[in-house]
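**Q** Residue strings, one per chain:
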Amino acid sequence: MDSRRFRHFVLCGIFAASLSSFGPGAIDAQETAHTPKPPPKLLAPRILTSPPTLADPKRPASESVPTFVDWASRSVIGQREEARKIIVAARDNPAVAEELCREIFEVQKDDLSRSLIMLSVLGEMRNPDGGKCLARFLHQPFPKEGTVVNGEIVEQTSLGVLQAKAADGLAYAHTESGDREVLWAAGSHPSRIVRAEAINAYLWNHQDSQAARKTLLKVVRPDERSFLERPRHAAGMSREDFNRKLAEYAKMHPAPKPVPRIPGKLTIAQGVGDRPPPKVEPTPASRPPRATTEKK
Amino acid sequence: MRSTLSRLITTVALLIALPNAGLAVCNQSSVSQADSDLWALHGCWQDFFLWQYQEYNMSSDDWGNRGWNDACNDNFEYPKTWNAAYLVTYGLLDNNDQSFHGTTDYRQLAEAPDSNFKDAVYYDATDATNIFGSFTYHWPGDDEITLSCNLFNASVLNANPASRAGDFMHEGWHGWLTEGNWDNGSAGGHRPCTPHPDGTCTNGACTVNGCDYFYFHGIGVYAFGALYQTDGTAKRFHSPNQVQVEFLCDVADQPQSWVPASVRQAAAADANQRAAQRFINGPGYTCGSPRPW
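So the protein lines, in turn, are chains A and B.
Add 5 to the 1-based position in the first sequence for this note's numbering, that's all there is to it.
Add 3 to the 1-based position in the second sequence for this note's numbering, that's all there is to it.
Among the clues, some could well be false.
Stated by the list, open to error - Derived, one-sided and incomplete: chain A residues facing chain B with beta-carbon distance under 8 Å:
id, residue
1, Leu48
2, Lys90
3, Glu129
4, Pro133
5, Asn155
6, Ile158
7, Val159
8, Tyr177
9, Ala206
10, Trp209
11, Pro236
12, Ala255
13, Pro259
14, Arg280
Claimed, not checked - Not everything, but these chain B residues come out facing chain A in the computed CB check (under 7 Å):
id, residue
15, Asn78
16, Thr92
17, Asn163
18, Thr210
19, Tyr216
20, Pro263
21, Pro286
Think of the hints as simulated: they come from the structure by calculation, not from any bench.
Backbone N, C-alpha and C define an ideal beta-carbon position, used for all residues, glycine too.
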């Protein structure tokens, strides 16, 4: 075989190999590459044991409260009852309630998830001073300005979520003053989030009774009466029970048939979610014509 | 003098080498309690994030100045993102009797590869604070999921692992809508609200500008792995906010036994505020418990 014929043979071979890389074999290989890789096997998570006390006679509340909150925040479902017992044991300790209250107001704008935990602990305590603190928290003025996302002021939502947790605590207190605050919140709080949760908490703490519904109907806004009917999904409830309640609710709140997109190429606006479509400035095809040519 | 000069040259070289270094970024000195609590369970698990960045198609180009090279420092955005991915990957109980959907659904929806749920995606980040996250369709190429500082700065409600992961679901579902040719509305893939003279803006029971329908379905109606299915009617369909609420409720009520209280509470709070504000055909159900603890 002379060198020209040999070169021709080699080139044909390279060309054939290139073609075969576009064949079914390549597609198979790609599909294999797209198979998700399994994640590494989970290592045993490090769960805290031995809870600290909330009301510790050997330490000031300024030390025992944050230590307990650190533990409670990390605690797991299996430790829920243990945490409740410790919280209840501190019920008559005004220093603990006072310290929780101080810290809640201090961190509420810095860390929402820690604030939620502290509001939960304070609500679970059912301490009279704690109740006053929760009421004060509930009445904090709503921010009028802030970071806007989809027309929603993020600072309002954040405060609303915390105030909803305060409403949970007031409803759980089962006191006249606590219920009064919750009923006020159910009808008159500026946040829909708080109104919704106040309704939910009031009903739950009154065993969803007809009497509680009647009381709520006197204060709830007419366009928010559906908040009294909505199902509550809770850990431990039976699937059948939830599904039955949900089916009844869904009949009253139907959704229309989903809308298919008109076939064709996606427009720029259709190709984005949760953000405005990018602005596309039309680019002129050429400079516009002019009547005269400037003389140099 | 020479040492100062060489330090200057090194700094300039590093600034050039590290993409976007030195630009404004999210608050990188804050971490939420819920992020810290979840983080403490794994203590920065290298094998996991080395798997995660590939499965979520994240790259140093997009995350270089957000903790890419400091992946065990949970003040940064990338570590916070993989912390949320850890929750998605391992944190759900998959209880047939009580979970809305299973880990297989949520993982396929969140992770990058092309699947029954959506086309392939990649994740990047933005300093913009006028969104939580966003979805952008690209052709050719992978679609884009963008996460904003509102998912990272601890002072914002959504800056916790559950809400961040909830945003993976929400944005992923925009991918599902795009892939399936569904029109969910003109307000960034949602229905717009109508402004009123008193300054409010509503659409039915929805009070934000980005409303969805809640296509209610019971527990067990979807087998695990079947979330992507639809029959084209309201009986078997999902909207982005609905998928997000269902995920958050599964974290709140059906988590693995080791998921911390702060993560569960944040999930319930986010689910409930979303259910109260974002649905046209009435508020969604509540989850979690009204008992404070």
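**Q** Compare the structure with each hint and give your call.
**A** Outcome of the hint check:
no. : hint   : verdict
1   : Leu48  : 7 Å, holds
2   : Lys90  : 11 Å, violated
3   : Glu129 : 4 Å, holds
4   : Pro133 : 15 Å, violated
5   : Asn155 : 4 Å, holds
6   : Ile158 : 10 Å, violated
7   : Val159 : 6 Å, holds
8   : Tyr177 : 5 Å, holds
9   : Ala206 : 4 Å, holds
10  : Trp209 : 4 Å, holds
11  : Pro236 : 4 Å, holds
12  : Ala255 : 4 Å, holds
13  : Pro259 : 6 Å, holds
14  : Arg280 : 4 Å, holds
15  : Asn78  : 13 Å, violated
16  : Thr92  : 5 Å, holds
17  : Asn163 : 5 Å, holds
18  : Thr210 : 6 Å, holds
19  : Tyr216 : 4 Å, holds
20  : Pro263 : 5 Å, holds
21  : Pro286 : 5 Å, holds
Consistency note: the structure conflicts with the earlier hints numbered 2, 4, 6, 15.
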